[in-house]
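Trainee: Going by the numbering used here, the sequence shown opens with residue 13, and the numbers climb by one from there.
Treat the hints loosely; a few may be bogus.
Derived DEER-like restraints, expressed as beta-carbon distance ranges [stated by the list, open to error]:
1) Ala551 - Ala323: 55 to 63 Å
2) Arg587 - Asp410: 31 to 39 Å
3) Arg705 - Ser634: 29 to 37 Å
4) Asn542 - Thr596: 30 to 38 Å
5) Ala516 - Gly324: 58 to 66 Å
6) Ser325 - Asp751: 42 to 50 Å
7) Gln710 - Asp651: 52 to 60 Å
8) Gly620 - Ala383: 48 to 56 Å
9) Gln710 - Thr657: 39 to 47 Å
10) Ala192 - Gly687: 42 to 50 Å
11) Glu814 - Thr657: 52 to 60 Å
12) Ala383 - Glu287: 33 to 41 Å
13) Asn542 - Gly271: 55 to 63 Å
14) Thr170 - Gly324: 45 to 53 Å
Source of the hints: derived by calculation from the structure; they are not laboratory data. Each residue gets a CB set at the ideal place from its N, CA and C atoms; glycine is no exception.
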Amino acid sequence: MGTKTLQSVLVALLAIGLVAGPATAAATVAAPGASTADGLTESGTVTAAGDLSQADSGALRFELDAERVGNESAVNVLFESSGGEDTVTTTAENPNSNDVYRYRIASGDLPDFPLANTTITVSAEGGNGTDYLTEQGVDLRHLDTAASASFDDSGRLTLTATNDTAGLDGSSFQLAATAAGDGRSATLSATLDNGTVTIDRNDAFTGLLTPPATLTLAATDGGPSLSGNTDVSLADAARPATVLVSPGRVTVQSPLLVGGTEYGVHLTTTGPDGEYAATTSARETDGVTSVTVENEYLAGADSVAVDVTTAGSSVVSPTYNDTDPNTATVNEGNRSVSLEDGPFSGGAVSFVLLATSSEVSVMSDASVDGATLSLSGLPNESELNPAGSYRMVVAFADAPATTVSVGDGGELSSLQPATDPSPDTNGTANGSTGNESSLLPFSSGGIPFGQFTLGLGAGLIVLLVLGVGYAVGQSMGGGSGAGGSAAATQQTRDVRVRITDGFANEQLSEEVYLTARPTGQSSASTSGVNRNGGGREEAVDGGIVTWTLKAEPYEFTASYNGATVTETAELLDERLTLSFQPVTKHVSVIDETGEPVEGATVTAEFDGQRISEPTDANGRASLTLPVTASTVEVTAEHDRYEPDTRRVTDPNDLPSELRVVGKTGTLRVETAIGGDPTDAVEVSLDTDDEWLRERLQQSNPTDEGGDAVGLPAGEYTLVGSVDAAPFEEVRQRVTVPEDDTVAVTLDVPFEYQLSATQREAIEALRSEADELVPSGRLDSAVHGYYASVARSLADAAERVPESGIRFAETSIDPDPVVDAMVSAGRGCVEGSTTR
Numbered sequence: 013m014g015t016k017t018l019q020s021v022l023v024a025l026l027a028i029g030l031v032a033g034p035a036t037a038a039a040t041v042a043a044p045g046a047s048t049a050d051g052l053t054e055s056g057t058v059t060a061a062g063d064l065s066q067a068d069s070g071a072l073r074f075e076l077d078a079e080r081v082g083n084e085s086a087v088n089v090l091f092e093s094s095g096g097e098d099t100v101t102t103t104a105e106n107p108n109s110n111d112v113y114r115y116r117i118a119s120g121d122l123p124d125f126p127l128a129n130t131t132i133t134v135s136a137e138g139g140n141g142t143d144y145l146t147e148q149g150v151d152l153r154h155l156d157t158a159a160s161a162s163f164d165d166s167g168r169l170t171l172t173a174t175n176d177t178a179g180l181d182g183s184s185f186q187l188a189a190t191a192a193g194d195g196r197s198a199t200l201s202a203t204l205d206n207g208t209v210t211i212d213r214n215d216a217f218t219g220l221l222t223p224p225a226t227l228t229l230a231a232t233d234g235g236p237s238l239s240g241n242t243d244v245s246l247a248d249a250a251r252p253a254t255v256l257v258s259p260g261r262v263t264v265q266s267p268l269l270v271g272g273t274e275y276g277v278h279l280t281t282t283g284p285d286g287e288y289a290a291t292t293s294a295r296e297t298d299g300v301t302s303v304t305v306e307n308e309y310l311a312g313a314d315s316v317a318v319d320v321t322t323a324g325s326s327v328v329s330p331t332y333n334d335t336d337p338n339t340a341t342v343n344e345g346n347r348s349v350s351l352e353d354g355p356f357s358g359g360a361v362s363f364v365l366l367a368t369s370s371e372v373s374v375m376s377d378a379s380v381d382g383a384t385l386s387l388s389g390l391p392n393e394s395e396l397n398p399a400g401s402y403r404m405v406v407a408f409a410d411a412p413a414t415t416v417s418v419g420d421g422g423e424l425s426s427l428q429p430a431t432d433p434s435p436d437t438n439g440t441a442n443g444s445t446g447n448e449s450s451l452l453p454f455s456s457g458g459i460p461f462g463q464f465t466l467g468l469g470a471g472l473i474v475l476l477v478l479g480v481g482y483a484v485g486q487s488m489g490g491g492s493g494a495g496g497s498a499a500a501t502q503q504t505r506d507v508r509v510r511i512t513d514g515f516a517n518e519q520l521s522e523e524v525y526l527t528a529r530p531t532g533q534s535s536a537s538t539s540g541v542n543r544n545g546g547g548r549e550e551a552v553d554g555g556i557v558t559w560t561l562k563a564e565p566y567e568f569t570a571s572y573n574g575a576t577v578t579e580t581a582e583l584l585d586e587r588l589t590l591s592f593q594p595v596t597k598h599v600s601v602i603d604e605t606g607e608p609v610e611g612a613t614v615t616a617e618f619d620g621q622r623i624s625e626p627t628d629a630n631g632r633a634s635l636t637l638p639v640t641a642s643t644v645e646v647t648a649e650h651d652r653y654e655p656d657t658r659r660v661t662d663p664n665d666l667p668s669e670l671r672v673v674g675k676t677g678t679l680r681v682e683t684a685i686g687g688d689p690t691d692a693v694e695v696s697l698d699t700d701d702e703w704l705r706e707r708l709q710q711s712n713p714t715d716e717g718g719d720a721v722g723l724p725a726g727e728y729t730l731v732g733s734v735d736a737a738p739f740e741e742v743r744q745r746v747t748v749p750e751d752d753t754v755a756v757t758l759d760v761p762f763e764y765q766l767s768a769t770q771r772e773a774i775e776a777l778r779s780e781a782d783e784l785v786p787s788g789r790l791d792s793a794v795h796g797y798y799a800s801v802a803r804s805l806a807d808a809a810e811r812v813p814e815s816g817i818r819f820a821e822t823s824i825d826p827d828p829v830v831d832a833m834v835s836a837g838r839g840c841v842e843g844s845t846t847r
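Throw the hints in and build the complete structure from the sequences for me.
Mentor: Below is the structure:
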C-alpha cells in the first residue's frame with residue numbers, strides 16, 4: 013500500500029473513531045414541581061395538557077397549557093437515554109391558541125442514540141429553569157421500512173430502514189411476523205446497523221421458509237413501533253436460485269432453503285427427455301444452503317427444469333440450459349483457474365459451487381481478479397489436478413453467475429493431495445524480491461543503508477567535536493563562512509522510537525503509521541508533515557525504529573487502529589516511547605422491555621484473551637481493551653436470559669448497549685376430577701420467586717391449544733380448584749424449562765360421601781320398591797314400572813359420590829340432590845299403592 017493510500021485509510025479510521033466515540037452517562041432527576049404525565053397514551057386517543065403520545069408514524073406528541081408557557085410557544089425538549097442526551101427546540105403547531113399548545117416532533121428529528129428507556133424533560137426555551145413536563149421510562153424506538161427486501165450472503169433477510177426510523181441504530185429488537193394464508197407466526201430477532209435491518213436466521217425465521225411465506229410485520233410488546241412497508245414476500249426477496257448440473261448430479265442453491273429440511277425435487281430433462289423425482293435433505297455450508305440429487309440419466313442433458321417443494325408447496329423452480337460454459341485452465345500452484353476468453357463479469361464473489369467426482373462443495377472463501385478465480389477455500393491438504401476436469405458455478409453479488417468448465421469436459425476428477433502444503437505466500441505480489449534484509453528498520457523507499465551510516469557518523473562527530481551549542485546554532489540557520497548553504501551546514505541527530513501496547517505493556521509488533529515533524533512546523537501534506545522542512549512519515553513494523561532527523565525538537569505521532577498518540581522529543585532526547593493506552597468502554601445491558609439488567613456478565617474476547625465484568629444496579633459494566641484488538645466479540649450473559657453477542661473489528665466501536673431476552677418455555681396443563689378429564693377446573697399460577705413474579709406480570713405468554721407458550725422459565729406453583737364445597741384445592745410444584753415443554757395433570761378430588769341417614773333412606777327405598785309387586789296381583793305390570801323407577805332413583809343417589817364432574821360444572825350442592833332423588837323414589841312407591 014502506498015504512503016498516501018495508507019495515510020488516507022488511517023485518517024478515515026481516525027475520523028470514524030472520533031465520530032463514534034464513547035457516549036457520556038448522565039443521571040436523570042425530575043425537576044421539583046414539574047408536571048409529570050402518567051405515561052404514553054394510546055395511539056389515536058385525544059391527549060390532555062401534560063400527556064405524551066407516540067403516534068403518527070413514530071412521532072412524539074404532547075400538549076401544554078398555553079397560559080403557563082406564554083405567548084412564545086417555543087420549548088426545549090431534552091432527551092436522555094443510555095448515557096446520551098440531546099435537546100430539540102420546537103414550537104407549537106397552533107401557536108395562536110389561548111387554551112392548549114399542541115406539539116409534534118417527527119421520528120426523523122428524534123436523537124440518534126438508543127431510545128428504549130428515555131427520560132423526556134420539556135422546559136422553557138429561555139432556560140429560566142421552568143420545567144413543564146418530565147416523563148421517565150419512555151420508549152421512543154420506531155422503525156420505518158422501505159419497500160426493498162433481500163437476502164445477504166449468509167442467507168439472512170435484510171430490510172431498508174428509512175430516515176423516519178428513530179432510536180434503534182446499533183441495537184437489537186424484535187418484530188412479529190405473520191404468514192399470509194396459513195396462520196404461521198413467529199417473533200423475529202433483528203438488528204439495525206447503518207440503515208439496514210438484519211433478521212436473525214434462527215429457528216423462528218426458518219419456520220417461515222418451509223414453504224416461503226408472504227409476511228406481514230408488526231410491532232411486538234416491548235419492541236419498537238413500526239410503519240412503512242410491512243409486507244414482505246420472502247420468495248421475491250431472494251435472488252434467483254443457482255443451479256449446477258454435472259454428470260449425474262444436480263445441485264440447487266437458494267437462501268429459501270433450510271438446512272436439515274427434507275425437500276421433494278422433481279427434474280424434467282431434455283436431450284434426452286425424461287423425468288426424475290427424489291426426496292433429499294438440504295445442507296448448509298458457510299451460510300449457503302443447497303440440495304443435491306444424483307441420477308446417472310442426468311449426464312449430458314441439454315436442459316433441466318427443477319422444482320423443489322416442501323409441505324406441498326413450491327420453494328424454487330429454476331431452469332438450467334446447457335449453454336457453452338466458460339473454459340478455464342488450472343494455474344501454477346493448483347489453487348486458482350483462469351478463463352481462456354476474457355475476465356469474469358463480476359467482482360464480488362458470494363460463493364463458488366465446485367463439482368468434483370465425489371461431491372459438490374460450497375466455498376465462500378474465493379475471489380476474482382480479472383480472468384483469474386482464486387479458490388482460497390480449498391482444504392490445505394488438497395488442490396486441483398492440473399490435468400483433471402471440474403465444473404464450477406461462480407455466484408457474484410454484483411453480476412450474474414458464471415459457469416466454468418475446467419479441463420476437457422469429460423468425466424469429473426477428484427482433488428489431488430497438495431504438492432506444496434506450505435506455499436510461499438509472499439511472492440512478488442507483495443512487492444518483495446526476497447533479497448531485502450529484515451534487519452534494517454526502514455521499509456522500501458526509506459533511507460539507503462549507506463546514507464544512514466554516513467549520516468549517523470557525521471552527526472555524532474559534529475556533536476562530540478563542535479558541541480551541542482554549535483549544533484543548535486546551525487539548526488537554527490546560523491553558521492559562519494560566506495557562500496555556505498543551509499543544507500551543507502545542517503546538523504542531524506538520531507532518535508530511537510519505541511512503540512508499545514499500554515494494555516499488555518509490550519512492544520507493538522503490528523504495522524504503525526509514524527510521523528515526525530519539527531515542533532511548530534506548518535502542515536504541507538494531509539498528515540501535517542512537511543518533508544522539505546525536515547518532516548518524515550512512514551509505516552513502521554516491529555514496534556521500534558531509529559530515525560535520523562534535524563538537530564531540533566520533534567513532535568512524533570503514531571497512528572494505529574483508529575487511535576493516535578503524540579509525544580515530543582526534545583533536542584537532547586535520544587530515545588522516545590509512544591504508548592497506546594487501553595480503550596475503556598461502557599456497556600449497558602437491558603432486557604426486552606428496556607429495563608437495566610443487574611448482575612449480568614459482560615465478556616469481551618479478543619486475540620485469545622478474555623475479560624469479564626458484572627453489571628451494576630443500572631445495568632452498566634466497564635471494559636478496558638487494548639487498541640491492538642483486531643476483532644472483539646462482546647457478550648452479555650445472565651442465567652435467566654438468552655445471551656446477546658456482537659462482534660466488532662475495532663474496540664472503539666464496541667456497542668454501548670446489549671439487549672438480552674428472558675428465557676421462556678411452554679407449560680401444558682391438563683385437568684381432571686377423580687381421574688376423569690374435564691375443563692371445569694380453574695387453574696392459577698403462582699411463584700415464590702420475586703424476579704419471576706415480576707417477569708410473569710410483564711410477559712404475554714400465548715395460549716396455543718391449552719399450552720402456555722412463552723412463559724418465563726423457572727419454578728412455579730400450579731393451583732387447581734373448583735368453586736364448590738365438596739372439592740379440595742390441589743397444589744403442585746412445576747419447573748418450566750428453557751426452550752422446552754413440561755406437561756402437568758391437576759386431578760382435583762371430589763370429597764363427598766353419603767351420610768348414614770342417606771344410606772338408610774336409600775336401602776329403605778329399595779325394600780319398599782321390592783314389596784310393590786307381590787305375587788298373584790293382576791295389576792303387577794303397573795306396580796312393576798313404579799318399582800323400577802324407584803330402584804333407578806336409589807341407584808342414582810348412591811352414585812352421586814362418583815359424579816364429581818357434574819357438580820363441578822353446575823356448582824350445585826350434592827346433598828339436596830341426593831335427598832330429592834330419595835324423595836322422588838318414595839313418591840313413586842306411594843303413588844303406586846293408591847292405584
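Trainee: Against each hint, give a clear statement of whether it holds in the structure.
Mentor: Outcome of the hint check:
{"no.": "1", "hint": "Ala551 - Ala323: 55 to 63 Å", "verdict": "holds (58 Å)"}
{"no.": "2", "hint": "Arg587 - Asp410: 31 to 39 Å", "verdict": "violated (51 Å)"}
{"no.": "3", "hint": "Arg705 - Ser634: 29 to 37 Å", "verdict": "holds (31 Å)"}
{"no.": "4", "hint": "Asn542 - Thr596: 30 to 38 Å", "verdict": "holds (35 Å)"}
{"no.": "5", "hint": "Ala516 - Gly324: 58 to 66 Å", "verdict": "holds (60 Å)"}
{"no.": "6", "hint": "Ser325 - Asp751: 42 to 50 Å", "verdict": "violated (27 Å)"}
{"no.": "7", "hint": "Gln710 - Asp651: 52 to 60 Å", "verdict": "violated (18 Å)"}
{"no.": "8", "hint": "Gly620 - Ala383: 48 to 56 Å", "verdict": "violated (39 Å)"}
{"no.": "9", "hint": "Gln710 - Thr657: 39 to 47 Å", "verdict": "violated (24 Å)"}
{"no.": "10", "hint": "Ala192 - Gly687: 42 to 50 Å", "verdict": "holds (44 Å)"}
{"no.": "11", "hint": "Glu814 - Thr657: 52 to 60 Å", "verdict": "holds (58 Å)"}
{"no.": "12", "hint": "Ala383 - Glu287: 33 to 41 Å", "verdict": "holds (39 Å)"}
{"no.": "13", "hint": "Asn542 - Gly271: 55 to 63 Å", "verdict": "holds (59 Å)"}
{"no.": "14", "hint": "Thr170 - Gly324: 45 to 53 Å", "verdict": "violated (29 Å)"}
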